[in-house]
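Engineer: Based on these hints, arrange chain B on the given structure of chain A.
Line by line, the protein sequences give chains A and B. Each residue of the first sequence is one higher than the last, beginning at 14 in our numbering. Each residue of the second sequence is one higher than the last, beginning at 14 in our numbering.
Bear in mind the hints are in silico, worked out from the structure with no lab data behind them. Watch out, some of these pointers could steer you wrong.
Which copy? The list can't say, so a pair holds if one copy fits it or any two copies do.
Stated by the list, open to error - No farther apart than 30 Å at their CA atoms in a straight line, the calculated lysine-lysine pairs in the DSSO-like style are these: (1) LYS121 <-> LYS192; (2) LYS28 <-> LYS192; (3) LYS28 <-> LYS121; (4) LYS192 <-> LYS119; (5) LYS119 <-> LYS28.
There are 2 protein chains.
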Amino acid sequence: MSGKTDMTGTKAHSKHSFPEEEIRGVYHAIESRRDIRHFIPGEIDPELLERLIKAAHHAPSVGYMQPWHFVRITDSQLRHAIHDHVEQERLNTADALEQRRDEFMKLKIEGILECSELLVVSLTSQREQYILGRRTIPEMDLASVACAIQNMWLAARAEGIGLGWVSFFEPEVLASLIKAPQGALPVAILCIGHVEHFADRPLLEETGWDSRRPLSEILSENQW
Amino acid sequence: MSGKTDMTGTKAHSKHSFPEEEIRGVYHAIESRRDIRHFIPGEIDPELLERLIKAAHHAPSVGYMQPWHFVRITDSQLRHAIHDHVEQERLNTADALEQRRDEFMKLKIEGILECSELLVVSLTSQREQYILGRRTIPEMDLASVACAIQNMWLAARAEGIGLGWVSFFEPEVLASLIKAPQGALPVAILCIGHVEHFADRPLLEETGWDSRRPLSEILSENQW
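One chain only, chain A, in its complex shape (with noise of 0.2 Å):
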């Protein structure tokens, strides 16, 4: 591969293919979703957050299990708990990280008490129901899960609405805080709301934590 093509220069290659703007659409939502955690005051539109959650729930899921659920956090003590609970984890992350402790703790991770809207977004429970493509690979609930949070990310981007996916938490706690039922496990706290503006590159590349991998390194043939 040539490395030269630009990810959105497309011709039509198929019957099928959407009109040129929309395919447009779709990659310059792939290319410009950020991870936010930077929100100003504005309320998300009801119809907007349904939009968004409509686009979840028409993520592809292993056998069809839809193994997702939204809980919509609108309980200010509610979210108050959630934010002390992701500022312990993020304490405790700081010192895991050792010698990178400092500058981790510059890095702004989550606007859960900022943002417009809040989700936790869980696996549901008895999902051992399932085997239908998951009889040797029972996480690829979680896969699914992460293509509906995927889609919300890239349809909000397009609507130009922030959207931040926050993993700093013990699940079980979380879990507790939303009295989810036995066997159900949050894996994503989603911060949804508008935002001052959205960067070229991601925060952690900006910021020369890490940079992105050439090509080259994440692609083979036929041996690894």
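Structural biologist: What follows is chain B alone, placed relative to chain A:
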């Protein structure tokens, strides 16, 4: 939420929103993406394949770890070996499904031999070095890979190309077939190619295997 809004009925709510046609493209891809198992002959343009890989590589990843590796299978013998292993796992799954065995056996679950491009996607090795965002939930690496595959899936759909995610395999067996380094773990066989048509509904819905849950079942407020 009313449940009445069309997923694609958009109004600009933000100064950062895309042009209307681009927003439509994103929702169009999300709604019409299908897990494809039936392919027709026809090459995939190398530049198109590169766009899909780049789309995957622009996915979010926990702590920016980019824990994905793609092996493109061009060797026919290797392709057949992968197919043979998946076929065995299909039979194992049929046995595990017990009373739904016969119903399952009628489903086509993969197009490994017919698709134009075959990729094996794996979690990279040495992932234990990454702590940020996955100290308490190490499986966030799989979530990142799933986001990458969902990016490819949506981009492929927009370009009119079909993609199917096959998860009927033992990761260790597949790892050995592609000579993956110790600690790496295959999570997807991706079949990519041209299709006769994209069905209106998921195959597992059309065949009566299961149905889409109502939004009210997957969404609640403040507690489950």
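Engineer: A separate judgement is required for each hint: does it hold in the structure or not?
Structural biologist: Consistency of the hints with the structure:
1. Taking the shortest Cα distances, LYS121 and LYS192 sit within 30 Å of each other inside one copy (28 Å), while across copies they are farther apart (39 Å).
2. In this assembly of identical chains, the alpha carbons of LYS28 and LYS192 never lie at most 30 Å apart, being 49 Å within a copy and 37 Å across copies at closest.
3. In this homomeric assembly, LYS28 and LYS121 come within 30 Å of each other (Cα to Cα) only across copies, at 24 Å, whereas the closest approach inside a single copy is 45 Å.
4. In this homomeric assembly, LYS192 and LYS119 never come within 30 Å of each other (Cα to Cα): the closest approach is 33 Å inside a single copy and 40 Å across copies.
5. In this assembly of identical chains, the alpha carbons of LYS119 and LYS28 lie at most 30 Å apart only when taken from different copies (29 Å versus 50 Å within one copy).
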